[in-house]
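Q: Protein chains in written order, with my numbering: chain A, 35 to 240; chain B, 35 to 240; chain C, 35 to 240.
The reader is advised that the hints may include incorrect statements.
All copies of an identical chain are treated as equivalent in the list; a pair is satisfied when it fits inside any one copy or across any two copies.
As the list claims (entries may be wrong) - Taking lysine-lysine pairs in the PhoX-like style, the calculated list, with each CA pair at most 20 Å apart, reads: (1) K61 with K236; (2) K181 with K61; (3) K226 with K89.
Hints in this document: simulated from the structure, not taken from any laboratory.
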Amino acid sequence: METIIEHINVMGSFVFAISGALIAMRKKLDPFGVLIVAFVTAVGGGTVRDMLLSKRDVFWLFDTTIIYVILTGACIAMLFKDKLRFFDKPLFFYDAVGLGLFTITGVQIGIDASLAPMICILLGTITGVFGGVIRDIIVNEIPVIFKKEIYATISIAGGAVYLILVRLDVQNPYLQIIPILGIIIARIIAVKYNISLPTIYKKDHD
Amino acid sequence: METIIEHINVMGSFVFAISGALIAMRKKLDPFGVLIVAFVTAVGGGTVRDMLLSKRDVFWLFDTTIIYVILTGACIAMLFKDKLRFFDKPLFFYDAVGLGLFTITGVQIGIDASLAPMICILLGTITGVFGGVIRDIIVNEIPVIFKKEIYATISIAGGAVYLILVRLDVQNPYLQIIPILGIIIARIIAVKYNISLPTIYKKDHD
Amino acid sequence: METIIEHINVMGSFVFAISGALIAMRKKLDPFGVLIVAFVTAVGGGTVRDMLLSKRDVFWLFDTTIIYVILTGACIAMLFKDKLRFFDKPLFFYDAVGLGLFTITGVQIGIDASLAPMICILLGTITGVFGGVIRDIIVNEIPVIFKKEIYATISIAGGAVYLILVRLDVQNPYLQIIPILGIIIARIIAVKYNISLPTIYKKDHD
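One chain only, chain A, in its complex shape (with noise of 0.2 Å):
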């Protein structure tokens, strides 16, 4: 289980490192400064979460693997920036997929921690969500999960899943890819149907 938690980490920090790098050239920053941006991303959401644990060290501290992997990523941001178009939105894809491989790892760290259910959920979305929070404080836009778009909703909704999962005793990999997967198919059709939550306010011009 660790290990597989662990897996999932490394490859959420990778896509995170060029959603980061790719925001980061959008906005002209120099390499060292797209560096920078890639590690914020990458690192942010789980930073936070662990320094909210006081037993849990900041996982990157003892891992110097992480940080080749952030390297990795950015330096193929760099190199192939025109090359990334699977989608015609690269950065939202890389964004999709990174919080739904973070939001899983921050629930699963919640449950070793034998925390609440709600908080588990909780430190699973701050996982997902905060390094892209970070990463847009810093290049100056609106944070991703302000968007009209529906995101936090999406993370949240994909943590209960998984805590649901494994209260089931679901196995390997199921209990990990059914949730993930969901994450990631739901953001692609609240952007592609840009679905956003009813609003409470009457329609006035403002």
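Fit chains B and C to the given chain A structure using the hints.
A: Chains B and C only, in chain A's frame:
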């Protein structure tokens, strides 16, 4: 004592959740965005304080009550958003109450950790002030501590008063009520009469 | 060793408090706002570093000396604000000195915690860079690390030099003086001659 501080913390979370929700609705965020800003505003100051103290777990990790209280505060703000205007500036009012309540909890936690008086006051100010600062940074307003009327100064003075009352062995509930009310009233007076610190700049056309 | 690092930390806090106060006065903050920005600038980098290390208490929690040093630095900046111009850009100068001093303390703390060399350098850069980054975010300037001239790159190089000197068993005080002066001088040269990293973007009209 533990329990009194606990109650004050719950009340502070409630009013700060309302203040966060109010400012989020002013920015027309969707219901989920409102919840996030309410949550961050309510737990921000205490979270920073608890992360600074390496021996303390972040207070809301093991306490789902706080989460429900914040959800309740945010929902009340959304449902009754036109009816919260006891004062003509409701955001400012809830913020002042939260500042008073949280400052005291921060100072008390510093005392419990046997920190120096000056550091206790600093922890109180961080607890009282940071929720509002993070709220304002997230929604792109000028942080409340940098607005013209005195704000952090009042938190510091209130923290010092609490520390003196503790030394003088003043009994519950006066021990808490005096500095809390003092901070709230001082803040109302400061805004009403536009009280600010003396300037250190020469009058110049800038 | 402990004591040398302690002294360097005090000096770094002093110069960063001045740099924070200078930028706060440029933004015409009131005296209390100047104190807050000075404090955050001086302790920001070390605080993030200490929060990352779950076994370390944040350095200023048990050390009121630092608080007095910061207060002194901020007051000197307020009283003599027109006389701090040894260089024609005083903010830049104090910032460069702080970068040099704090980078070394961060690397040393990483060594003391037996972290991998790469992580030690990263801790040094975080310690040296984050105070200035938080300062710039608070007062709404472009963070210093994203400006055109090399900045974090110098901190990383200086941290690597310090690590090599430690391996070579160079004695105090040269062990510290060489990388600190190296960082300060490199930063002055970078700004004076406008040295930046090579661009990764094709020249285009953007």
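Q: Now tell me if each hint is right for this structure.
A: Results for each hint:
no.	hint	in the structure
1	K61 with K236	between (36 Å within a copy, 14 Å between copies)
2	K181 with K61	both (19 Å within a copy, 12 Å between copies)
3	K226 with K89	neither (41 Å within a copy, 46 Å between copies)
The structure shown violates just one earlier hint, number 3.
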